[in-house]
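Protein chains in written order, with the numbering used here: chain Z, 1 to 263; chain D, 264 to 530.
Watch out, some of these pointers could steer you wrong.
[To be verified] As a list, the in silico EDC-like pairs of lysine to aspartate or glutamate whose alpha-carbon atoms are at most 20 angstroms apart:
hint: 1; chain 1: Z; residue 1: LYS70; chain 2: Z; residue 2: ASP204
hint: 2; chain 1: Z; residue 1: LYS70; chain 2: Z; residue 2: ASP235
hint: 3; chain 1: Z; residue 1: LYS155; chain 2: Z; residue 2: ASP204
hint: 4; chain 1: Z; residue 1: LYS155; chain 2: D; residue 2: GLU519
hint: 5; chain 1: D; residue 1: LYS452; chain 2: D; residue 2: ASP471
hint: 6; chain 1: D; residue 1: LYS452; chain 2: Z; residue 2: ASP14
hint: 7; chain 1: D; residue 1: LYS330; chain 2: D; residue 2: ASP502
hint: 8; chain 1: D; residue 1: LYS452; chain 2: D; residue 2: GLU437
hint: 9; chain 1: Z; residue 1: LYS155; chain 2: D; residue 2: ASP471
hint: 10; chain 1: D; residue 1: LYS330; chain 2: D; residue 2: ASP493
hint: 11; chain 1: D; residue 1: LYS330; chain 2: D; residue 2: GLU304
hint: 12; chain 1: Z; residue 1: LYS65; chain 2: Z; residue 2: ASP233
hint: 13; chain 1: Z; residue 1: LYS70; chain 2: D; residue 2: GLU304
hint: 14; chain 1: Z; residue 1: LYS17; chain 2: D; residue 2: GLU459
hint: 15; chain 1: D; residue 1: LYS452; chain 2: D; residue 2: GLU426
Because the hints were derived from the structure by calculation, they are not lab data.
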Amino acid sequence: MSASTLARAAFPPDWTKRFVWIGLAIYTVYAISTLDIDGARIARGMANAARLFDRMFPPNLQPDKLELIKDGMIESIQIAILATFVGVLLSLPMGLAAARNLAPPWVSWTARAIIAVLRSFHPVIVAILFVKAVGFGALAGILALIVSTMGFVSKLFAEVVEEISAKQVEAVRATGASFFAVLIFGVFPQVMARFVGLTVYQFDSNLRNSTMVGIVGGGGIGAPLFTAYQRFDYDVVLTILLIIIGLIMIAEFVSARIRRIFQ
Amino acid sequence: MMETGNDPRVWTRFTPAERIGRSIVYIVSAIAIVWSLQTVEIIPEFLYDAPEQTADLFARMWPFDLKFWPVVWSTLVETFHIATLGTILAILLALPLSFLAARNFTANPILRWIAQFIFVSSRSVNSLIWALLFVAIFGPGALAGVFSIAVRSIGFVGKLFGEALEEAHQGPIEALTATGAPRAAILLKGYWPQAEPAFWSVALLRWDINIRESAVLGLVGAGGIGVALDAALNNLYWDQVGLMLATIFAVVVVTEIVTSFVRSRII
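The shape of chain D in the complex, shown without the other chains (with noise of 0.2 angstroms):
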């Protein structure tokens, strides 16, 4: 600093608009905290027998019912079928739509708005309540399940498998171009190559998230091992559910282990 002495200006880590916004949320969100504190419905002689009542859930659990292991084996084939069934579905669907969303292939704004509305609405609808929709269409089972797992996994693929073609570079793209080359060898050898990398990482986080989520989807009818797992809570057969749950955290362990693997391998 060359003006030290007697300088009166004061170094400050934000300017005032800085300072103002982050106030502005910061005391917003203490109101909601408090609004929310005072406002819902919490009835405290619930909370106090907790401790009690969690001891006896895990107290009926073990030991698990091991009779019961061939049921939870073919519906858990079954969670798996529509985990990935989902995903390659949601992956079909979300392709066109990522190019209709991505900047730098359509320049026509209210196709791109058309695309994004359809991404927000699919991520917005949790896959229970969208699989409560395709039980109403297919009725009960996997189909359902299929479905929605697919029609909720759109918004998450096309959104960030759109993102990726957006930050293609254009140079391969005019190359081709140049070459009088049609729209699709464009697509294939222009973009894709491009775009590869980022196409199996967001499938292969998906389907990850999908096998968590399909193993709910059971509770409201969509099949897999969700079905016999609400069979169970509704019978209260706790000795079923301890052995379902331990297996949906092996299965979701091994899916963890795979994805990262097969990521490092190819990414």
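If we strip away everything but chain Z, and leave its shape as in the complex, we get (with noise of 0.2 angstroms):
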């Protein structure tokens, strides 16, 4: 051993690391250049922060308000109740179709190619798309919701499937069984609790996401909430966002103990 081996650092320099946290470093610092921030924009906006925050205390609990959000919370559930039902059942063939170890590849590039575009557009982009096809209401919704759970579900589902044993759908198939028995007895069995994980998660995050495409024209609770934003209505925007908030949380609480039954 050289003398050199022996006496090395016991945490030697990384320069790539250094130089990459140091490009950083110089971005950030210009891009918050670009920014125009100043002492009098950062004073003014904490005086700006403190009267909303008192505006917004204490939450409105009136009842017409509470009896109008109700309204719009309900739609935003039935709204990612079924955006997750619709798109969890048309990304079942998607996702098998992009699955390359089941598909010819034609077929799983272009499914794949499919998915990309699905994927690419933020849902409100996708919800002004359609409150334009179909018109404002819940439908424009669930339709812009169907779209990013068909982008999520289907592509996680297709590398799930991808990840299979192939002895069991061997097996199957060595029976002389079909093509929707093979999937049945040798796909499904195998991936079934992954698949239920995943329309639990996209559940979750339609839910999230139904509050919002009310501010574009999608129905839900969104309509309410920017309404009540733009004549400054703040303690019915914080009641609003509580609700949400406590929405949430009992369902990603729920979608857990599902997770947890499924496993």
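Assembly of the complex is requested from the two constituent chains, each provided in isolation within its own frame, with the hints serving as guidance.
Laid out in structure tokens, this is it:
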């Protein structure tokens, strides 16, 4: 062993990493300078924040407002349920078609290209297009969230299907089973738990997004939220936000339980 | 099997408790779907004329209004800054919280609970709704966008990085503690090297998401390409909308290629 290896430092410096950090620091300083932040603006912002919080508290709990919020929340939940149901139903064939170990290459590449397009737009942009296509209301929100559900679930479902063991599939195929029997008895038992996990996760995500599509006219709690915001009824905004946070917490708890049942 | 013949036992895949649990989930889901289908307000007339409207939409978008490109480019650069600065700010805010949330680092359950609560609140409120609040505070512009991206990302970054910290092996940390290393050195040389791959992967994943999110923040006035998109939508300049949608699509594809390349290099 040469002297240099014996004398090497315990934690040798990694210059590539240091350059990355320095580069990031320089970029951050430059990007902040483009935002034209100055002391006066921050001070004004703090004053605005104080006024905002002052108007927010206490949250508005008048019965007529709560009635309005209840209707909006129920519509949001329904949008999330229907979008998850239809989206997941469509993701099943899409995910199988995109799995390279089951589908021939031309099918899987076509399916992958479609999934990539579905994934690339934010649900709000998709919602804007659907509001133009089918008009204001819950339907536009549902369709927009179906698109994002398909983008997420079918991509990850395809990855799950690609990881299955080929032995069971071959065993079922060796009995002379048809393609659908191979799917039902060879493939689905291996991927069911993960598929339910994906579905439940996407339901949480759809619930969050269904509170937002209303801002662009896609139905749900977003419309009353945006109206309250534009009318400076910040106490109503706070009530809605607290209800959304509570709902999401309940949904995350329930989905953790469901995932455990299907493990 | 030794006991064949007249053994009455029958093989079943699930225990009774599992079967009951699954049945309940199935039944409740079915009820929820039927209930939603019956009460959600869908106006069928709107649906009939959807294909026509969609065709009309695309016909108005093409050809793109290329004279509009300079505006698209400058707002696109702003979008990029919002996403990147927002991610950096989110990481700065989330790192200390993730240590508070990690069970092997923080013994006090109340502190852990506070960190978890901040994470859940940050994730439950959508970035557009955060943007509404920050526009009310800072006024319209990119600054509100940076803060809404940052606050929205804290929960995601903090939760995932906290989980990575919890998975850290105790061996190197105990070894450092035994040498009498100060807490900062334990953090830097004990935890950080183990959590670093997870850190970069989480940061890249969130940056990728934030590029998409920051493109729509402008719809509520928080800067970026969304402001131009909102103006074009309100004025029904669909040829400008088409150009911007195509640009956003291209940016998202490039971002995915870049992040997957970087991820394969460093992780």
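Now the hints, each set against the structure:
1. At most 20 angstroms may separate the alpha-carbon atoms for a hinted pair to count; Z/LYS70 and Z/ASP204 meet this at roughly 19 angstroms.
2. Between Z/LYS70 and Z/ASP235 the alpha-carbon distance is near 16 angstroms, which keeps this suggested pair within the 20 angstroms criterion.
3. Distance restraint check for Z/LYS155 and Z/ASP204: the Cα-Cα separation of roughly 17 angstroms lies within the 20 angstroms cut-off, and the hinted pair is therefore satisfied.
4. Distance hint between Z/LYS155 and D/GLU519 is fulfilled; the C-alpha atoms sit about 14 angstroms from each other, no more than 20 angstroms.
5. For the given pair, D/LYS452 sits about 29 angstroms from D/ASP471 by alpha-carbon distance, which is inconsistent with the 20 angstroms threshold.
6. Our distance criterion of 20 angstroms between C-alpha atoms is met by D/LYS452 and Z/ASP14, whose separation comes to about 14 angstroms.
7. For the given pair, D/LYS330 sits about 10 angstroms from D/ASP502 by alpha-carbon distance, which is consistent with the 20 angstroms threshold.
8. A C-alpha spacing of about 12 angstroms is found between D/LYS452 and D/GLU437, which places the hinted pair at or below 20 angstroms, so the restraint holds.
9. With a C-alpha separation of about 16 angstroms, the suggested pairing of Z/LYS155 with D/ASP471 holds against the 20 angstroms cut-off.
10. Of the pairs offered as hints, the one joining D/LYS330 and D/ASP493 holds, with about 18 angstroms between alpha carbons and a cut-off of 20 angstroms not exceeded.
11. Distance check on the hinted pair: D/LYS330 and D/GLU304 sit about 41 angstroms apart at the alpha-carbon level, beyond 20 angstroms; violated.
12. A C-alpha spacing of about 11 angstroms is found between Z/LYS65 and Z/ASP233, which places the hinted pair at or below 20 angstroms, so the restraint holds.
13. Between Z/LYS70 and D/GLU304 the alpha-carbon distance is near 15 angstroms, which keeps this suggested pair within the 20 angstroms criterion.
14. Distance check on the hinted pair: Z/LYS17 and D/GLU459 sit about 11 angstroms apart at the alpha-carbon level, within 20 angstroms; holds.
15. For the hint linking D/LYS452 to D/GLU426, the alpha-carbon distance of about 18 angstroms falls within 20 angstroms, and the restraint holds.
Comparing the model with each earlier hint shows violations of hints 5 and 11; every other hint is respected.
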